[in-house]
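Just so you know, the protein sequences line up as chains A and B, in that order. Per the working numbering, the first sequence runs over residues 11 to 198. Per the working numbering, the second sequence runs over residues 136 to 248.
Calculated directly from the structure, the hints in this document are not laboratory data. Be aware that a few hints might be false.
When the alpha-carbon atoms are kept at most 27 Å apart in a straight line, the in silico DSSO-like pairs for lysine-lysine are as follows [as the list claims (entries may be wrong)]:
| no. | chain 1 | residue 1 | chain 2 | residue 2 |
| --- | --- | --- | --- | --- |
| 1 | A | K104 | B | K230 |
| 2 | A | K145 | A | K13 |
| 3 | A | K47 | B | K199 |
Residues from chain A shown here face chain B by an in silico Cβ test under 7 Å; the list is partial [stated by the list, open to error]:
| no. | residue |
| --- | --- |
| 4 | K13 |
| 5 | K54 |
| 6 | Q64 |
| 7 | S79 |
| 8 | P80 |
| 9 | P136 |
| 10 | S152 |
| 11 | A158 |
Glycine included, each C-beta is placed from N, C-alpha and C at the ideal position.
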Amino acid sequence: MSKAVSVLNGARFSGLATVEDAGLQGMITLRGDLGSKTLKAAVKAATGAEVPAQGSISVAENGAAAWMSPDELLLLVPYEDAVAKTAEVAEALKGEHALAVNVSDARAFFRLSGEGAREVLGKVSPVDFDAAAFKPGQFRRSRLAQVAGAFWLNDDGNFYIVCFRSVGEYVFKLLSAGAHPQSKVGVY
Amino acid sequence: MLILECPYCGVKAEETELAAGGEAHLKRYGPGSSDDEFHDYLFMRENPKGVHFERWRHANGCGKWFHAARCTMTLEVFGTYTAQTSVPTQEILDKIAAKRPGWTWREFADGKK
Ligand SMILES: [Zn+2]
């Protein structure tokens, strides 16, 4: 078995905000009827989190569930547990019209922290990042300049960003450029 | 800048998060139709200055298709609604009638159910 490494293996840039490769993160794409009791129980068992409301993420101690669309969730679990938990979810949903896939190695995961975090994301995404408009617990799929991405604001004030691994380096460089120390706009 | 609310996400998405899908509520003519019907289905599109119905996809988002009713001249948006319908919702039709009395578009028109 080869050693798993996250997309930029812990790369870090510090400027207006700190951009970090947030390391290996287990991610399971789950599609199905989000109103189903069986699905709710399976999500709870795998992540410890409830099925989130539209546009939000529910975070538990060792996992989280994010709202991707009316019939899709992104489950976050410890990287080492992703394979087993995907199988557990699939097993629990047998007979339901649902599908669980381990996408951990197909994604890149970044943390954006510090004073300028809202501004840096605001430069690359067409989303209102005003403190009154984008609050902790909110989860949004959008774009990061030219590629698709999703992000949420954690209770600790850090943004977490998910994108395809194939564009991981692009997103890291994009956020780093947006966080260039001499590029302050001062909107947020 | 055009801003449409995705009826599935509730997100107010701007144009760059969306993909345009052309005219809405096309009736498909396939095998068994006349040449004229098939020709019109393939090529004939509305190009109104005013009320228009379109398909859009929340491409940088949930990925789902939806419908939008808007004015091509002012960019005013009357509303968005799900893709699971072959006619605009009554709510949308009422909104358009209130703002553009006497409007028509294909088989839809002010006061027509
Ligand atoms: Zn959407």
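27 Å Cα cutoff - pair A:K104, B:K230: violated (45 Å)
Interface hint compliance - A:P80 to chain B, C-beta minimum distance less than 7 Å: holds (5 Å)
Status of the A:P136 interface restraint (C-beta, 7 Å, chain B): holds (5 Å)
Interface hint compliance - A:A158 to chain B, C-beta minimum distance less than 7 Å: Hint on A:A158: holds, closest Cβ of chain B at ~5 Å, below 7 Å.
Hinted pair A:K47 and B:K199, Cα distance within 27 Å: holds (24 Å)
Cut-off 7 Å, beta-carbon criterion: hint that A:Q64 touches chain B: OK, holds: A:Q64 within 7 Å of chain B, min 6 Å.
Hinted contact A:S152 with chain B - closest CB pair below 7 Å: Holds - the Cβ of A:S152 comes within 7 Å of chain B, reaching about 5 Å at its closest.
Interface hint status, A:S79 versus chain B (Cβ within 7 Å): Check passed: Cβ of A:S79 comes within 3 Å of chain B, closer than 7 Å.
Distance restraint between A:K145 and A:K13, which requires alpha-carbon spacing of 27 Å or less: violated (37 Å)
Hint status (Cβ of A:K13 to nearest Cβ of chain B, threshold 7 Å): violated (33 Å)
Residue hint A:K54, partner chain B, criterion CB-CB below 7 Å: violated (23 Å)
Figure legend: structure checked against the earlier numbered hints; hints not met, in rising order: 1, 2, 4 and 5.
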